[in-house]
Structures are given as structure tokens and as C-alpha cells.
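Here is what each chain is made of, one letter per residue.
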Amino acid sequence: MFAGFMVNAWIVATMVAVVAGAVGFFTVLRGSAFVAHAVPQAGFAGAAGASLIGVSTFAGLGAFAVLSALAIGILGKRGRHDAMTALALVFMLGLGALFLSWNQEYASETFALLFGEVLGVSNNQLLVTGLLGVASIAAIAALYRPLLLASVVPDVARARGVGTQSMELCFLVVVAVATTMSVPVVGALLMFSLMVGAPGAARLLTKRPLLALGLSVAISLVIVWVAIAASYITNWPIGFFVGVLGAVFFVAARGFASWRRSRPGHAARAPLSTALRLEDQVRLAANGTGSRGPEGA
Amino acid sequence: MSQLEAILNGIFAPGLFTSEPVRVAFLVGGAVSVVSAVVGVFTVIRGQSFAGHSLGDLGTTGGSGAFLVGANPLWGFFSFALIGAGAMELFGVRRQQGRDMATGIVLGAGLGVAALFLYLGTVERSTTGATITILFGSMFVIRASMIPVFAGLSVLALVLVGLLYRPLLLSAVSEDIASARGVPVRAIGVSYLLAMAIAVSLSCVTIGAILSTATLIGPAAAALRVTKRPGLAFAWAGIIGLVVTWLGIVLAYDSYYWPPTGRRWPVSFFVVALILSVYLLSDLSSRLSARRVAARTTKAP
Chain A
1 MFAGFMVNAW IVATMVAVVA GAVGFFTVLR GSAFVAHAVP QAGFAGAAGA SLIGVSTFAG
61 LGAFAVLSAL AIGILGKRGR HDAMTALALV FMLGLGALFL SWNQEYASET FALLFGEVLG
121 VSNNQLLVTG LLGVASIAAI AALYRPLLLA SVVPDVARAR GVGTQSMELC FLVVVAVATT
181 MSVPVVGALL MFSLMVGAPG AARLLTKRPL LALGLSVAIS LVIVWVAIAA SYITNWPIGF
241 FVGVLGAVFF VAARGFASWR RSRPGHAARA PLSTALRLED QVRLAANGTG SRGPEGA
Chain B
1 MSQLEAILNG IFAPGLFTSE PVRVAFLVGG AVSVVSAVVG VFTVIRGQSF AGHSLGDLGT
61 TGGSGAFLVG ANPLWGFFSF ALIGAGAMEL FGVRRQQGRD MATGIVLGAG LGVAALFLYL
121 GTVERSTTGA TITILFGSMF VIRASMIPVF AGLSVLALVL VGLLYRPLLL SAVSEDIASA
181 RGVPVRAIGV SYLLAMAIAV SLSCVTIGAI LSTATLIGPA AAALRVTKRP GLAFAWAGII
241 GLVVTWLGIV LAYDSYYWPP TGRRWPVSFF VVALILSVYL LSDLSSRLSA RRVAARTTKA
301 P
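Heads up: the sequence lines are chains A and B, in that order. Going letter by letter, the first sequence gives residues 1 to 297 in my numbering. Going letter by letter, the second sequence gives residues 1 to 301 in my numbering.
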């Protein structure tokens, strides 16, 4: 399981899990699961096109993911956001189908692009994935406070001069970058599952934003590691394990949260930080820093 | 006369109207897109695009499961779309807040299972074409013997929407008013999910499981751009759905002679591309007319 050819797979998958957990936290917070679903599938069309003309898969993926993210952000501003997202998404998938139908040996490649392929990760792919991963983590770290404000309490964000519109675009681009690095490994259809399942579970377990972010990364690491091991043993596609484990974690977290709520005397024992909703905590912290300067949190 | 013939031959490639698979595609594809366009009007009004899309993606799971056990894919699409609708309802599709999450979780798990089924199916039968057929559809391989089944399910979906028309409209405008008037909002929501599941599983067969959203959302969203009256929107959505599908079939049939030669482009690609362009055009025209109205009102005080 840890043989030479598997080492790259473990490293790449770990990076993907960290990035997906972090980016996914904001996806869940902003309620943009649909966007997280759409952008990877647009990337699928790009990857299919790239393999048709013989360019690197990453180039195609990246170009299409960023373009579709920007298109959703700009076109969706007016009118019906979700309808536009849905149509952009299926058009990209249709385009992917067209590219693949032009290609001679398409069936197995379609499967890998849609459902993921961890084995056979080259050193070159490792390098690109690493660079993109560092870029998205850096972007999340740099944008953490304004993005959190804009996602959770847009009115406070606007009052402090944080543009919610530009934050939306920044976030979409980060999703696109995270997509580009992850799709070759977990597949276009399952990328989304990782970006929603783990953070969704984390969000149910704690209401403190930074803790939820950390928990989200931790859960997504567990999901990916277990998925690789299980996929190695059974030879079944990794996407199956990622998708099912995401749902299992979410359901378990839901059960745990409702059990904790229903315990007698829960409200009396709970410290203030868990009694407040995440929105209120962010609001409080934002007001606190207003008097103490930008460094306090 | 021969010139006219040449032009007609250029548009409709020879053999288009005499080929049996093409006739079935025209009939079934057309009917299915009308049904899903009509059902889709409420999907757009209720803001359930993501749910509609997820039903299609879950259909992938069903279709691949049916492929694995060797059953007709339509029943796979249908039963899994039903299961998906039930799960989403259970997880709280009604509340706007948790809706995205619930849909996403169900969808993720379903796609994971689909990956497994497709893998097992291809291992067992060593045929790989099924992945493409299930995901992206192929209108030209629908058997004529399936026409009655398609017709029956289409009628069922249309009847459901007809029965639900008034309460759906009311609860789309305001859930509170609707429940104050004694409309069973939850039951209506569930029945509507059922209609959506039927429409989606039908279009899973024609244009493919992960593209079925296009015929559900696209024509309806475009129609609602053109008109605000719900009755007219249904008519527009149906017409747009029918036209794009038929045009898509004709173009796909012609594309046999286009580069890179020797292969037909997928029908689904044309249908989806046409739907997106119709939506963008309708969006543009509605914005232009809004600007004209605004200009007129500012000029004449």
C-alpha cells in the first residue's frame, strides 16, 4: 500500500484533502454548493479538450475552471443565479462529451476524469498540484477575515468597506484553482463531494469559525486517506469511497449535534461560545476588533 | 428546382426522414423535452435548479445500477430519482437554509455509488460504451417498443403538474399565505418532486443523466425571461424545448459530414448548446426591453 508508486498518490491526495477541506468550509458557509459542483464539471470539459489537442490536462482544466467561475460570477449577478449556473454547467459537460467523442480512446479517459484516478501520479503532476495547493491555501489565509465577514455577515462587511461582490469573484477563482489541482485525482463529479461533505459535518460540530475550518480539513483528510486505502485493497474506484464517506460523516455529525442539543440541561452548561450562532460570533469578533485594531481577534 | 433540392439536402441530410431511429428520436425526444420543459417552469420559479440537477445526477446511479444487473436503464433512472427525491425531502429540502447542503450530500453519495456501479459493470462485461450512454445519452438508440412507456410517464407528469398548478403557484408566491389558506404545502412539495423525478428520468434516457438539467431548466428559465404570466410561460417553455430538441437532432444527423469526419457529433451537445444560446438571447432581449421601458418612462413625465 505504501510501495513506491503509491507514495505520489498519498502525497497528492493529502494536498487535495487539505485544500478541499479549507475551500469547502467557505463553500458551505456561503451556501454555494451548486457552484462547487459546477466549476469542476466545467474543468472536465477543459481536460477533455486539452487531451484532444495534446496539451497538458492541467492547462485545459485551469482555463475552463477559471473561465466558468468568472462567467458564473459575472453573468449570475443579474437575474436567476441558480438557473445560470445550471445551464453553464450542462453546457460545459456537453462540450466535454463532444470533445471526448472526437477523441479515439475516450471511454476509460472519461471515467478517470469524472470519477478520479489516484494511481499513476507523475512527479510533474505532483509539482503542479503542490504549487496550486500552496496558492489556494495562501489565498484562503490572506482572504480569511474579509471572506468570512462577506460570507456570514455581508452587512457588516459592506460597512467596513469589504466589497461583497469582489469577494464573491475572489472566492470563485479560489474554487477554480482548487478544482484544477483536485480533478485529476478525485474526478470532476467527486471533487464536489469532498468540498461539501467534510465541511458540512464540521459546521454541525462546532460554531467557532476557525475550529470549524480546522475540523473540516481534518475530516476531509480522514475521508481521503481511508478512501485511498480502501480503494487500494478492493480495487474499486476511489470516488465511491469519497462520496459515501462524505455522506456518512455528515449524517453522523447531524446525529451527534441533535443528540447534544437534546441532552437535559444543555443550554445551562454550554459556554457562551457554543450558545451563539456562528454568525453572531463573527459579528462579535468583528466589532471587537473595531476598537482593538485589526490585529485582535 | 434542383437548387431548392440542393439547399434542402444541405439542411436535412439525405435519409433523415426515412431512418427509423431518427423518427423514434424525433417522437420520443420531442415529447420528453416538452414534458420536462413544462415541469421545469415550477423548478425555476421555486428556485430548485440544484435539486432538479441532482435528480438527474442520481439518475446516473440508477442507470449504472440497471446496466450492472442488465435491466432497462429507464427503470434505473426512475427508481433512483424517486429515492433521491425522498432522501432530499427527508434531509430537509423545504428549508431554504439547509437545502443546498442536503441536496449536495445526497448527490455526492449517489455519484460515489454510480462510480462503483459503472466500474463493476465495465469489469464484468468488458464493454466501456455504457458509461458514455448513461452519462450523455444517445437519442438514436431508443427502441420503438419503449414508446408506450415514455408516453405513459409523460402523461403522468403532465397530469401531476396540471393538478398541482394552483397550489404550487400559491406556495411559490408565499408559503405562509398558502398554508394559511389550507394548502398542504409539504404534500404539494413532495408531489412536485415526484413530477420532477419523472421528467428528469425521461430526459436521462434521451439526452443523458448528467445533461438532463438542460431540458428541465433551460427552456423554462428562457420562457420566464420572455413572459411573466405563468400560463404563457408554460407554452413558451414547451415550444422552446421542442424546437431545440428537433433542431439538435437534425444538426447531429448532419454532423456526420462535418470535421473531424466519420463520426456523428453527440445529439446532446447540440441540444444543450442550443438551450444555452436561447437562454442568453432571451436574457438579452428582456434586458433590452426593460431599458426601453425605463427610457420611455423617464422621457415622458
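Treat the hints as calculated values from the structure; they're not laboratory data. Take these hints with a grain of salt, some might be off.
Sample of chain A residues lacking proximity to chain B, with all beta carbon distances greater than 10 angstroms (derived) [to be verified]:
#, residue
1, Ile11
2, Gly54
3, Ser56
4, Gly73
5, Leu93
6, Gly161
7, Cys170
8, Gly187
9, Val196
10, Arg283
Examples of chain A residues lying across from chain B (beta carbon under 10 angstroms, computed) [claimed, not checked]:
#, residue
11, Leu98
12, Ala159
13, Gly163
Being a predicted model, the structure only gives us computed values, none of them experimental. Here a beta-carbon is modelled for each residue, glycine too, at the ideal position from N, C-alpha and C.
Hints, one by one, checked against the model:
no.: 1; hint: Ile11; result: holds (23 angstroms)
no.: 2; hint: Gly54; result: holds (14 angstroms)
no.: 3; hint: Ser56; result: holds (22 angstroms)
no.: 4; hint: Gly73; result: holds (16 angstroms)
no.: 5; hint: Leu93; result: violated (6 angstroms)
no.: 6; hint: Gly161; result: holds (28 angstroms)
no.: 7; hint: Cys170; result: holds (20 angstroms)
no.: 8; hint: Gly187; result: violated (8 angstroms)
no.: 9; hint: Val196; result: violated (4 angstroms)
no.: 10; hint: Arg283; result: holds (18 angstroms)
no.: 11; hint: Leu98; result: holds (4 angstroms)
no.: 12; hint: Ala159; result: violated (24 angstroms)
no.: 13; hint: Gly163; result: violated (23 angstroms)
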